[in-house]
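Novice: Sequence order for the protein chains is A and B. Residue 1 is where the first sequence starts when you use the working numbering, and the numbers rise one by one after that. Residue 1 is where the second sequence starts when you use the working numbering, and the numbers rise one by one after that.
Hints are computed from structural coordinates only; laboratory data are not their basis. Hints are not guaranteed to be accurate.
For chains that are exact copies, the list does not tell them apart, and a pair is met inside one copy or across any two.
As the list claims (entries may be wrong) - Derived SDA-like pairs: lysine to any residue, alpha-carbon spacing no greater than 25 Å straight-line:
hint	residue 1	residue 2
1	260	210
2	165	368
3	174	454
4	250	229
5	254	151
6	250	71
7	92	417
2 protein chains.
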Amino acid sequence: MTFPRSILPKHFLILLCVIVLGICLILIRLLKWHPSHHYIPSSGNLSVLSGSISSCDCKGQTDLHQFLPSDQLNDIIKSRAKEYKEHQLRMKTNTDILIAPANSPLQYPIRGFSVAPLQKSLIPGLGLYTQKREVYKVSLSVEKGVLSVDEDVNKEQVNGQGERKLTISSSSLKEVNDLLSRVTYTSTIYHIRTSDLVHFSFEDNEAVFPVIIRRPTVPVLFNPGNDINSQVTITTKTFLRYNKLKVLIKSIRKVYPKIKIIIADDNPNPENVSGDNIEQYIMPPAQGWFAGRNLAVSQVTTKYFLWVDDDFEFMDETRIESFVKIMEANPELDVVGGAVSGEQYYFSLEYIEDDEGGCLRRFQGRHHKPLPGFEGCFFVDVIVNFFLARTDAVRRVGFDPFLKRVGHTEFFIDGLGKLLVVSCKDLSIGHQIHEAHEKYDVYRNEGESEKEKKYAHHFYKNYLKCIKY
Amino acid sequence: MTFPRSILPKHFLILLCVIVLGICLILIRLLKWHPSHHYIPSSGNLSVLSGSISSCDCKGQTDLHQFLPSDQLNDIIKSRAKEYKEHQLRMKTNTDILIAPANSPLQYPIRGFSVAPLQKSLIPGLGLYTQKREVYKVSLSVEKGVLSVDEDVNKEQVNGQGERKLTISSSSLKEVNDLLSRVTYTSTIYHIRTSDLVHFSFEDNEAVFPVIIRRPTVPVLFNPGNDINSQVTITTKTFLRYNKLKVLIKSIRKVYPKIKIIIADDNPNPENVSGDNIEQYIMPPAQGWFAGRNLAVSQVTTKYFLWVDDDFEFMDETRIESFVKIMEANPELDVVGGAVSGEQYYFSLEYIEDDEGGCLRRFQGRHHKPLPGFEGCFFVDVIVNFFLARTDAVRRVGFDPFLKRVGHTEFFIDGLGKLLVVSCKDLSIGHQIHEAHEKYDVYRNEGESEKEKKYAHHFYKNYLKCIKY
Chain A
1 MTFPRSILPK
11 HFLILLCVIV
21 LGICLILIRL
31 LKWHPSHHYI
41 PSSGNLSVLS
51 GSISSCDCKG
61 QTDLHQFLPS
71 DQLNDIIKSR
81 AKEYKEHQLR
91 MKTNTDILIA
101 PANSPLQYPI
111 RGFSVAPLQK
121 SLIPGLGLYT
131 QKREVYKVSL
141 SVEKGVLSVD
151 EDVNKEQVNG
161 QGERKLTISS
171 SSLKEVNDLL
181 SRVTYTSTIY
191 HIRTSDLVHF
201 SFEDNEAVFP
211 VIIRRPTVPV
221 LFNPGNDINS
231 QVTITTKTFL
241 RYNKLKVLIK
251 SIRKVYPKIK
261 IIIADDNPNP
271 ENVSGDNIEQ
281 YIMPPAQGWF
291 AGRNLAVSQV
301 TTKYFLWVDD
311 DFEFMDETRI
321 ESFVKIMEAN
331 PELDVVGGAV
341 SGEQYYFSLE
351 YIEDDEGGCL
361 RRFQGRHHKP
371 LPGFEGCFFV
381 DVIVNFFLAR
391 TDAVRRVGFD
401 PFLKRVGHTE
411 FFIDGLGKLL
421 VVSCKDLSIG
431 HQIHEAHEKY
441 DVYRNEGESE
451 KEKKYAHHFY
461 KNYLKCIKY
Chain B
1 MTFPRSILPK
11 HFLILLCVIV
21 LGICLILIRL
31 LKWHPSHHYI
41 PSSGNLSVLS
51 GSISSCDCKG
61 QTDLHQFLPS
71 DQLNDIIKSR
81 AKEYKEHQLR
91 MKTNTDILIA
101 PANSPLQYPI
111 RGFSVAPLQK
121 SLIPGLGLYT
131 QKREVYKVSL
141 SVEKGVLSVD
151 EDVNKEQVNG
161 QGERKLTISS
171 SSLKEVNDLL
181 SRVTYTSTIY
191 HIRTSDLVHF
201 SFEDNEAVFP
211 VIIRRPTVPV
221 LFNPGNDINS
231 QVTITTKTFL
241 RYNKLKVLIK
251 SIRKVYPKIK
261 IIIADDNPNP
271 ENVSGDNIEQ
281 YIMPPAQGWF
291 AGRNLAVSQV
301 TTKYFLWVDD
311 DFEFMDETRI
321 ESFVKIMEAN
331 PELDVVGGAV
341 SGEQYYFSLE
351 YIEDDEGGCL
361 RRFQGRHHKP
371 LPGFEGCFFV
381 DVIVNFFLAR
391 TDAVRRVGFD
401 PFLKRVGHTE
411 FFIDGLGKLL
421 VVSCKDLSIG
431 HQIHEAHEKY
441 DVYRNEGESE
451 KEKKYAHHFY
461 KNYLKCIKY
């Protein structure tokens with residue numbers, strides 16, 4: 001009797017041992033894969049990839065080296081490399097890619113966190129989220145500034161107040177996060193536009209995120225007023241053909257009796273061009289085409305200016321208001337081009353960066369995309385000499401006064417990536433009949449030597465290896 | 001006997017039940033806090049904080065509202081608000097802060113990932129790192145472009161090729177990561193400078209990171225040549241005092257016989273100022289101080305220009321080379337100021353942004369920091385009329401031609417945050433003796449009405465509420 005009695009508890013014991021064993025196994029498994037969450041091989045750690053480098057060959061293009069004096073070639077290339085390095089430093093073009101590691105217990109800001117130089121600012125969004133520890137210890141370090149925890153802190157918990165490396169430790173996770181929420185950054189260097197990197201770590205986990213150090217800028221706005229005369233200035237450049245200029249002015253005044261006209265004049269024998277709201281600027285003789293353009297634009301006080309050549313002619317359908325309407329509807333646009341005697345003449349540019357100098361190609365009649373909502377308007381890179389532009393945007397690019405006789409695409413090359421340009425079909429102006437003008441044509445027609453000088457100029461100035469027009 | 005026998009197993013039973021219960025409780029606790037790793041209340045999910053908004057009152061400052069015609073005040077404020085909004089849109093000043101959530105199994109790029117508009121680019125650094133699942137399913141979505149997995153893909157694993165939302169699913173984590181490593185982004189909008197956001201998610205985890213859409217720019221470099229004449233142009237503006245100008249030119253030629261001098265001249269009765277490498281530009285009469293400066297700078301073809309007033313005088317110790325040395329050693333500098341007859345006159349500006357218009361204060365003799373390695377040089381915001389500047393940097397800011405009679409600090413206000421300015425003690429030039437000049441002083445001395453016009457101009461143009469000079 002006792003035997004059968006005792007068999008039941010024995011079975012119970014075995015059964016329960018099996019259950020406990022099973023549970024223990026589950027427990028072990030749980031505890032085993034759990035930490036692996038935090039320590040993923042390399043992919044879990046932060047990796048920095050350098051930006052991809054494109055390259056270009058000069059197949060079917062004009063190699064610019066041939067236009068440089070071979071005896072100075074090496075010196076020119078050395079000097080150009082120095083200026084290019086300086087340019088990259090100034091433009092901050094070389095930013096490494098930062099990767100956010102997976103399964104990091106750290107929380108931090110990845111974008112849009114900027115501080116004023118030498119001013120204390122809170123670092124937003126810092127946090128630690130992990131399972132129980134005896135002690136939690138996180139540290140942050142920077143290069144161009146110092147870190148500290150704002151308000152009263154316990155010296156045992158915070159180490160390195162006001163230094164480049166700050167360490168926070170506590171037995172309470174809540175406390176660590178409270179301290180992290182009060183961490184500030186103060187740049188020790190003065191700069192108006194630079195950045196620093198914050199290295200934020202806990203045990204084997206590290207996250208790196210940027211701090212943008214930037215001096216706030218004061219806005220510079222134009223008061224567009226209420227009428228076309230306070231919105232737009234007409235600008236032109238004249239040389240050796242006052243007869244054409246007079247026809248242009250007369251045609252403008254028919255439609256716009258009061259709008260300001262700015263004339264850059266590099267005639268060898270300047271004649272006085274007067275009239276209500278006409279400003280004439282006399283330059284040294286034959287100072288050149290782009291110098292004149294740059295001068296005219298430098299004198300504009302309106303939000304927009306309209307560029308016209310001195311041999312154009314306003315027609316009944318020539319309406320500056322249509323340009324303004326497109327600009328005001330698309331505030332990010334910088335330049336809107338029209339058509340000259342019905343010709344909507346435009347190009348797109350293909351630019352390939354290369355460490356030995358870039359490759360640039362121009363494609364006639366090729367556009368990027370239509371401008372949504374404006375039929376006949378397309379995003380392009382190069383347009384005709386008849387355009388409305390934002391004064392501030394074009395000033396930032398400027399017309400290179402080096403280009404004396406012929407320059408047009410050159411302005412758009414300098415403006416590539418800086419000016420948002422569209423060309424529109426229905427904005428038209430006329431062109432006066434071209435009469436042969438010996439003296440003018442001598443200056444105008446680009447001689448071979450002039451062309452070679454221009455290519456050599458592009459080689460250095462635009463860091464180009466080859467061009468195809 | 002049976003009683004004591006049976007008591008043991010009974011106790012075992014109770015004991016084991018207690019153990020099992022305890023284990024169960026531990027298990028429950030484990031299972032309970034475990035998922036919380038992935039789902040941290042709000043802080044774990046992506047949070048977007050808007051940039052902090054500072055504010056300012058006009059205590060002890062000149063409130064600019066008083067200088068506006070009260071009957072037009074509302075219209076002016078409305079118009080200004082519109083232009084300001086446009087400015088913010090163009091400058092992309094409002095970027096929200098993005099936070100990387102903790103314990104996310106997702107890996108992704110947080111900085112430096114940029115693409116050319118309309119061009120397909122690989123998204124670097126994408127990955128998923130998590131424990132075993134039956135099926136792994138991640139998805140990515142964007143606004144201004146489309147996503148796809150490059151090269152051959154299995155339709156069952158990849159959904160939404162070439163669309164705004166891409167889904168990848170597989171029973172193999174390795175395969176998911178292989179597919180993620182081939183995900184590309186192609187913008188469908190054309191823009192030269194904008195950004196998109198990628199929403200990357202797995203189960204309840206989401207990460208958001210930016211894509212920078214940017215058209216590469218062509219470098220614009222200056223060939224500094226080998227001597228001071230090819231590095232620097234001297235620029236000045238003259239009005240009603242050719243006698244002073246001639247003294248200046250004579251003093252320059254003593255030290256620099258060949259350096260180019262550009263003169264902006266708005267005299268009512270222009271006299272011809274000629275000489276080797278002297279360029280005179282004749283403006284409409286009394287066109288004004290800043291218009292003249294802007295004209296002169298627009299004609300410079302060298303990397304640097306030196307600004308001097310027409311009544312300054314080069315002394316034996318006046319050396320342009322010293323300016324150039326500082327600039328070349330610190331390529332990020334834009335403007336280096338000197339001292340006029342021993343006076344190293346400089347200011348710092350304090351600018352506080354505010355939605356109703358900012359507050360601007362000027363502090364004489366206050367600097368930000370010394371320029372490391374150059375004794376007597378300090379980072380400041382406003383300097384004297386004797387400075388060397390990078391031509392391209394100053395052109396980007398420009399001199400507002402609206403300011404006819406008096407303008408100086410105004411240039412540095414427009415340049416705040418755009419120009420890195422230092423002032424140096426040991427770069428000296430002389431000032432010619434000031435003779436009373438009735439006609440000149442009439443123009444020069446700023447009348448009250450002129451001052452009021454200037455304040456009203458600042459109110460609109462610089463989006464300011466008050467100023468303290």
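Novice: Hints first: check each against the structure and report whether it holds.
Specialist: To see whether the hints hold, each was checked on the structure:
{"no.": "1", "hint": "260 / 210", "result": "neither (48 Å within a copy, 44 Å between copies)"}
{"no.": "2", "hint": "165 / 368", "result": "between (49 Å within a copy, 24 Å between copies)"}
{"no.": "3", "hint": "174 / 454", "result": "neither (67 Å within a copy, 55 Å between copies)"}
{"no.": "4", "hint": "250 / 229", "result": "within (17 Å within a copy, 43 Å between copies)"}
{"no.": "5", "hint": "254 / 151", "result": "neither (70 Å within a copy, 62 Å between copies)"}
{"no.": "6", "hint": "250 / 71", "result": "neither (53 Å within a copy, 37 Å between copies)"}
{"no.": "7", "hint": "92 / 417", "result": "both (15 Å within a copy, 15 Å between copies)"}
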